[in-house]
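Respectively, the protein sequence lines represent chains A, B and C. Mind the numbering: the first sequence is residues 11 to 139 in the working numbering, read in order. Mind the numbering: the second sequence is residues 11 to 483 in the working numbering, read in order. Mind the numbering: the third sequence is residues 51 to 401 in the working numbering, read in order.
Any given hint might turn out to be false.
Claimed, not checked - Below, a sample of chain B positions facing chain A; criterion: calculated Cβ distance under 8 Å:
1) Gln-95
2) Ser-97
3) Gly-222
4) Lys-227
5) Trp-388
FYI, nobody ran anything at the bench for these hints, they're computed from the structure. Virtual Cβ for every residue (Gly too), placed ideally from N, Cα, C.
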Amino acid sequence: MTDQSALILIVEDNENISQLLQFMLERQGYRTHMANDGLAARQAIEELPEPPQLVLLDVMLPYIDGFEVVGLIRARAGWEDVPVVMLTAKNTEPDIVRALDAGASDYIVKPFQPNELLARVRRYLKEKS
Amino acid sequence: MSGMALYLLMVHTLTPVIVVYFILLNGAYLALNVLSIIALQRRSREAILDSLPQVYSGLEPPISLLVPAYNEEATIAASVRSMLQLSYAELEIIVINDGSKDSTLAVLIEEFGLRPFPEAYRVQIATKPVKTVYRSLRYPNLRVIDKDNGGKADSLNAGINASRYPLFCGVDADSILQRDSLQKLVRPFLTDVTMVATGGTVRVANGCTVSGGFLTKVGLPSNPWALFQVVEYLRAFLFGRLGWSVVNGMLIISGAFGLFRKQTVIEVGGYRPNTIGEDMELVVRMHRLLRQRGQRYRIEFVPDPVCWTEAPEDRATLRNQRIRWQRGLAESLASNWGLMFSRRGGVPGWLAFPFMMLFEWLGPVVELGGYFFMAFAWVLGAISWEAFGTFLFLAVGLGILLSASGLLLEEMSFHIYPRRRQLLMLGLVVVVENFGYRQLNSWWRLVGLWRWLRQKESTWGAMTRKGNWQRKV
Amino acid sequence: MPSPGFRTTSELWLEVAWWVGVGALALTMLIALQIIVLRMAARRRQVRDQAMTQTWRPVLNAAMLGEVPATLPRLAARDMMSFLTLWLHLQQSVRGAAGQELNTIAYRLQCDALARRLLARGNRAERVVATLVLGHMQDRSAWDDLLREARELDSAASILALWALVQIDAAQAAETLALPLLRRTDWPLAQLATILQEQRNTWEPALARALGTVEPARLPDALRLLAALRLDLPQAVLQQMLGHDDPDVVAAALRLATSPEALPQVRAHIAHADWRVRVQAARALGPLGNREDVPRLQELLADRQWWVRYRAAQALASLPFLRPAELESLAAGDRFAADIMRQVLAEQAAA
Chain A
11 MTDQSALILI VEDNENISQL LQFMLERQGY RTHMANDGLA ARQAIEELPE
61 PPQLVLLDVM LPYIDGFEVV GLIRARAGWE DVPVVMLTAK NTEPDIVRAL
111 DAGASDYIVK PFQPNELLAR VRRYLKEKS
Chain B
11 MSGMALYLLM VHTLTPVIVV YFILLNGAYL ALNVLSIIAL QRRSREAILD
61 SLPQVYSGLE PPISLLVPAY NEEATIAASV RSMLQLSYAE LEIIVINDGS
111 KDSTLAVLIE EFGLRPFPEA YRVQIATKPV KTVYRSLRYP NLRVIDKDNG
161 GKADSLNAGI NASRYPLFCG VDADSILQRD SLQKLVRPFL TDVTMVATGG
211 TVRVANGCTV SGGFLTKVGL PSNPWALFQV VEYLRAFLFG RLGWSVVNGM
261 LIISGAFGLF RKQTVIEVGG YRPNTIGEDM ELVVRMHRLL RQRGQRYRIE
311 FVPDPVCWTE APEDRATLRN QRIRWQRGLA ESLASNWGLM FSRRGGVPGW
361 LAFPFMMLFE WLGPVVELGG YFFMAFAWVL GAISWEAFGT FLFLAVGLGI
411 LLSASGLLLE EMSFHIYPRR RQLLMLGLVV VVENFGYRQL NSWWRLVGLW
461 RWLRQKESTW GAMTRKGNWQ RKV
Chain C
51 MPSPGFRTTS ELWLEVAWWV GVGALALTML IALQIIVLRM AARRRQVRDQ
101 AMTQTWRPVL NAAMLGEVPA TLPRLAARDM MSFLTLWLHL QQSVRGAAGQ
151 ELNTIAYRLQ CDALARRLLA RGNRAERVVA TLVLGHMQDR SAWDDLLREA
201 RELDSAASIL ALWALVQIDA AQAAETLALP LLRRTDWPLA QLATILQEQR
251 NTWEPALARA LGTVEPARLP DALRLLAALR LDLPQAVLQQ MLGHDDPDVV
301 AAALRLATSP EALPQVRAHI AHADWRVRVQ AARALGPLGN REDVPRLQEL
351 LADRQWWVRY RAAQALASLP FLRPAELESL AAGDRFAADI MRQVLAEQAA
401 A
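For reference, chain A alone in the conformation it holds in the complex:
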């Protein structure tokens, strides 16, 4: 177990939600890296020196949608096993199926319960270590 706290990549274009996520996760002691659209996400994936321990990813993103971003994550060497939790906007089957097919590890439907999301995050981070 390293001293460094876990790094979580948050990709969300809605400022209110992304601020909330950052607040939530940093309070728990995690480090966060924010990307607020598909292009920023791609840049983060290409430029981060080390893979994050978890990615929180919104489906509806400007410029490059969430499903493509998952593809980019899985394509980068060393990132294949990073847990990706997608935030889907609607509780409809096609979106959820698509998210899981694209390589996501889990999904959370918006509107979400913050404590529930925290619990899932903790579970994925615990699994990793």
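Got chain A sorted already, so can you dock chains B and C onto it with the hints?
For chains B and C alone, kept in the frame of chain A given last:
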């Protein structure tokens, strides 16, 4: 000298006519801008809803997006890819390859994994023969039609034939849309069942950052021609159309981005092939025939900045574009002459159409004619320099007022140019554009009018196609 | 400013021109001034909003995670609207306990009293925000005002009032508003579906009852709404609708025919004169039909209308006991039928 006396008489009678015309012309556009304030007020009250997160459950009317393409191998892949990203619940994209001579079709097949599909194609409007219909394996909502060359109107008709959904949206292959563009454009259809068409405004993309087919940052162009067009769009194309929309007299929906009820378009006969301004011609015809039938309908304009396009940055291309637009205008009006003062014409027949005739069609003649006439009269000594100066003062003053009102409306509504430097630049352009750009425009439109008169029957020839189809890099 | 003298007799016109020009210039100056004023006001508002957000966002975020601070920062009256907008954004992004915590903060700040005031006397934007706030806070004392709002002609504001009323008391809202809902033409289906989706149980009986008293002209739309909401009508009502004279009503009612009891009537409508009825009958027969319906659907494959052929082909292709070879032979007789079957089979293969 009786000749001189005659001439003086002519000056005496024509001067008031010219002065009145200039006042009417600018006054009418100002009135439209004032009308559009009403629509903007209405819209600003709705704006509060826009800022709240919307939850769409996917029951909005499905839309068929029609993208005619001719010789677009360089840009078609990026354009289609960005259209696939549009956030709309049920959307099918139909690209119509209008017999391109380059590798447009090959690029599409490669990029999107197309495969020929046995489509039971329904011919509701006659078009040039369709060779094959392709469907994308990777994107199930994308289809491509390969057909013999027939022009943009013909391609759109073919797209209508193949489309499944009750609404279709015609876009240009180089239109830059935003993710919520369709959602904004469809909104009038949701609350008014008599809506048959909505048009979006086209903004100048020059100077903006475009990435991956989407606009990421709005900016002002540095090219002077493009700058003039930014102000011109605000003055004439944006708020003028919004004003007409308030009274249901909107005669133009830009081909770059318009949403139509398919059934209505089929009933009026589809797009007219071999027409230069096929987008305007369709809308004017819709007004004419629906009015004739006495059917209740509405055509609305959505002023939000939802569609962007590259404006010409050099004189030659701009000139060709304006000549073409004037010819298109003349053709659309001429082939729908029956709307003018027709018995059930309503606002389109009694206000909008005569307005177009008097100020848009005849406009360049009187404007330029007025300038030359007054200059000539001054040179000949028929009027004093103070008189000539006053006339110029009036013409330019009214022009500046009109342009300034466009800028005010933009500020009241979308203010997409928030930086102070941008505002100053726009202010400068508002003044400067009246000292040459507007007059140059009138000259080009005059040329367009002349060409239309000379060749009443338009041929979809190489010159026009070059201006319309080939992407300016 | 004295106007210059003119040499010709068209003096009057040139006088007019001069003064109009002067007026134009004056107006232009006014416009320039107004633009500057608007900019400055917008800038000031932006600064204030940012300050408000800086202060309150951390507080609201902490509250949503269960940590409500003992003392809340001061909220100036002029910041109320933008605070409420921020609050609404957060409410619409979360649910469950977090939403309840947001309500607690709102009650502490007396937002309910403010919202009720705005609802009664505010402008449209304020009323809309107030409606949403009261809905989230489930403030019963605002019931009458919200009801009034729901009856307004303004479609956007009224449908939000409907949402708020459903949040507060779905059953009572159903009693009062089921009939007006069916009568309105301007409430978008999409939003109605979202609003009523979670309260189907309370609204189903109310809507079914209201259907009985709706004007005949509004029946088709009302039925389409029910179909879109995937509500089930009681069999008696459904059969009554299926036997209606108006083909529009029958076509809409067929969308609701999802249970085997409706099968006889669905079959009867396969050969209806109006193509819209045939289309819906073909569509309905897909999930309901069995072997004896195959010949009926086969006839429709050669129908004059493309959509009838298409739905009939889809219905046949969805029958579990038919294989592609059999489907093709069914369609072999007619050129149009063969075309449409080939397309439907290709679509199935591609999916």
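The hints, checked one at a time:
Restraint check, B/Gln-95 versus chain A: the minimum CB separation of about 6 Å is within 8 Å; hint holds. Among the interface hints, the one on B/Ser-97 holds; its C-beta lies about 6 Å from the nearest C-beta in chain A, closer than the 8 Å criterion. The interface hint given for B/Gly-222 is met, as the beta carbon of that residue sits about 5 Å from the closest beta carbon of chain A, less than 8 Å. For B/Lys-227, the suggested interface contact is broken, since its CB lies about 12 Å from the closest CB of chain A, more than 8 Å.
Taken as an interface hint, B/Trp-388 does not check out: its beta carbon lies about 57 Å from the nearest beta carbon of chain A, beyond 8 Å.
In this structure, the hints that do not hold are numbers 4, 5, in rising order.
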